[in-house]
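Fit chain V to the known structure of chain Z by using the hints.
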Amino acid sequence: MSNVEKVVKHDAGEVFDIELEESILKANEDLAAKNRELLQRHGIKAIDIMGSIGSGKTSLIECIVQRLKGKCRIAVLNGDLTTTIDADRVAKHGVEVIQINTGKECHLDANLVAKAFEEMRLDQVDLLLIENVGNLICPGEFRLGADKRLVVISVTEGPYMVLKHPFIFMEADVVVINKLDLAEAMGVEFEKLRGDVSKINPGAGVVGTSCRNDLGIDKVIEALQISD
Amino acid sequence: MTNSIIETVLDEANKRNAKSVLEVHLVVGRFTMLGLEQLRYCYRLLTKDTPLEQAKLRIEREEGRVRCEKCKFDGPIQFKEEPQYHLVYPTLECPRCGGPVELTAGRSCYIKSVKLRA
Numbered sequence: 002m003s004n005v006e007k008v009v010k011h012d013a014g015e016v017f018d019i020e021l022e023e024s025i026l027k028a029n030e031d032l033a034a035k036n037r038e039l040l041q042r043h044g045i046k047a048i049d050i051m052g053s054i055g056s057g058k059t060s061l062i063e064c065i066v067q068r069l070k071g072k073c074r075i076a077v078l079n080g081d082l083t084t085t086i087d088a089d090r091v092a093k094h095g096v097e098v099i100q101i102n103t104g105k106e107c108h109l110d111a112n113l114v115a116k117a118f119e120e121m122r123l124d125q126v127d128l129l130l131i132e133n134v135g136n137l138i139c140p141g142e143f144r145l146g147a148d149k150r151l152v153v154i155s156v157t158e159g160p161y162m163v164l165k166h167p168f169i170f171m172e173a174d175v176v177v178i179n180k181l182d183l184a185e186a187m188g189v190e191f192e193k194l195r196g197d198v199s200k201i202n203p204g205a206g207v208v209g210t211s212c213r214n215d216l217g218i219d220k221v222i223e224a225l226q227i228s229d
Numbered sequence: 834m835t836n837s838i839i840e841t842v843l844d845e846a847n848k849r850n851a852k853s854v855l856e857v858h859l860v861v862g863r864f865t866m867l868g869l870e871q872l873r874y875c876y877r878l879l880t881k882d883t884p885l886e887q888a889k890l891r892i893e894r895e896e897g898r899v900r901c902e903k904c905k906f907d908g909p910i911q912f913k914e915e916p917q918y919h920l921v922y923p924t925l926e927c928p929r930c931g932g933p934v935e936l937t938a939g940r941s942c943y944i945k946s947v948k949l950r951a
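So the protein sequences, as listed, match chains Z and V.
Note that the first sequence covers residues 2 to 229 in my numbering.
Note that the second sequence covers residues 834 to 951 in my numbering.
Okay, chain Z solo, but in the shape it has when bound (with noise of 0.2 Å):
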């Protein structure tokens, strides 16, 4: 039995405020520093390759890894809603490739890219990156652990691009055009698109490539710091 008289209770059809301050994207958050936690132990830059559908995210993954691929140990995380036709071209060129299917969703999620950790070799990987599923929304919304975030679009998306999504442009520390060789045939300048992405977020850095040309890759390499 209690000693305590005095006794507070609601009463039956009582109405009660709660203060909660539950956040609920805040699950993802606390995810997505964990894995940035596991990959600074391990020594691991890892950057997450946001794009529309078609950009050339694969693409500048194959470049960037063929250039590097002598100079650390690299893996690949391949999100995308089914096939693993991304994964396989990028295993081509002899670095570990991990599939991420997310099914339905339209993003990586800081628990799936736990999940793909712990089928990775974690401690035999310098660089990590991570292809996100195309979609210029809600991916920006879902960090996952990175160092940094990509944003890849294209010349052949048009010229508005940019200024119709602006949160995820909002979201990148570097920004590729792609698809550079297209742009007269296109009629989309690149300084119109790279002028777009500075009004948004004067902070990131725009770099133009071709990756069918192998162009511009050294320039995105700097701009992500992982050269070495």
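Simulated from the structure, these hints should not be mistaken for laboratory data.
Hints are not guaranteed to be accurate.
[Claimed, not checked] Quick look at which bits of chain V chain Z covers, simulated, 3 or more residues with Cβ under 8 Å: (1) 834-847; (2) 857-866; (3) 878-885; (4) 927-933; (5) 941-951.
For each residue, glycine too, the CB sits at the ideal point set by N, CA and C.
Chain V only, in chain Z's frame:
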């Protein structure tokens, strides 16, 4: 997202032996990717036949705020206009010095409070 909101509220209601939930007060930042229309729609579908069925969903918006390392500006995020496309968009450019700023508020999504009936 809506599911985890509902689960959190149901947990709280169970913990406190509440019979029903009268109101859920949610704060959603303007810089999350959440669509309020979809959120309300999913909420209506998912709360059916639960103690939340009658609960009002009150959504408060959290505005974007930025801080500039260089000039120490701390205040609301700036918006720019592109009248040619009828477009207003946010920018991480400092309204005072033009340098890059960091977003300090506007990405939250949390349940601020719930109103329960015992």
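We went through each hint and held it up to the structure:
1. 834-847: This one holds; 5 residues, not fewer than the three required, reach chain Z with a Cβ under 8 Å.
2. 857-866: With 3 residues close enough to chain Z, the hint holds.
3. 878-885: Contact hint for the region 878-885 of chain V vs chain Z: violated, 0 residues under 8 Å.
4. 927-933: It holds: at least three residues are needed, and the region 927-933 of chain V offers 3 whose Cβ sits within less than 8 Å of chain Z.
5. 941-951: With 11 residues in contact (Cβ-Cβ under 8 Å with chain Z), the coverage given for the region 941-951 of chain V holds.
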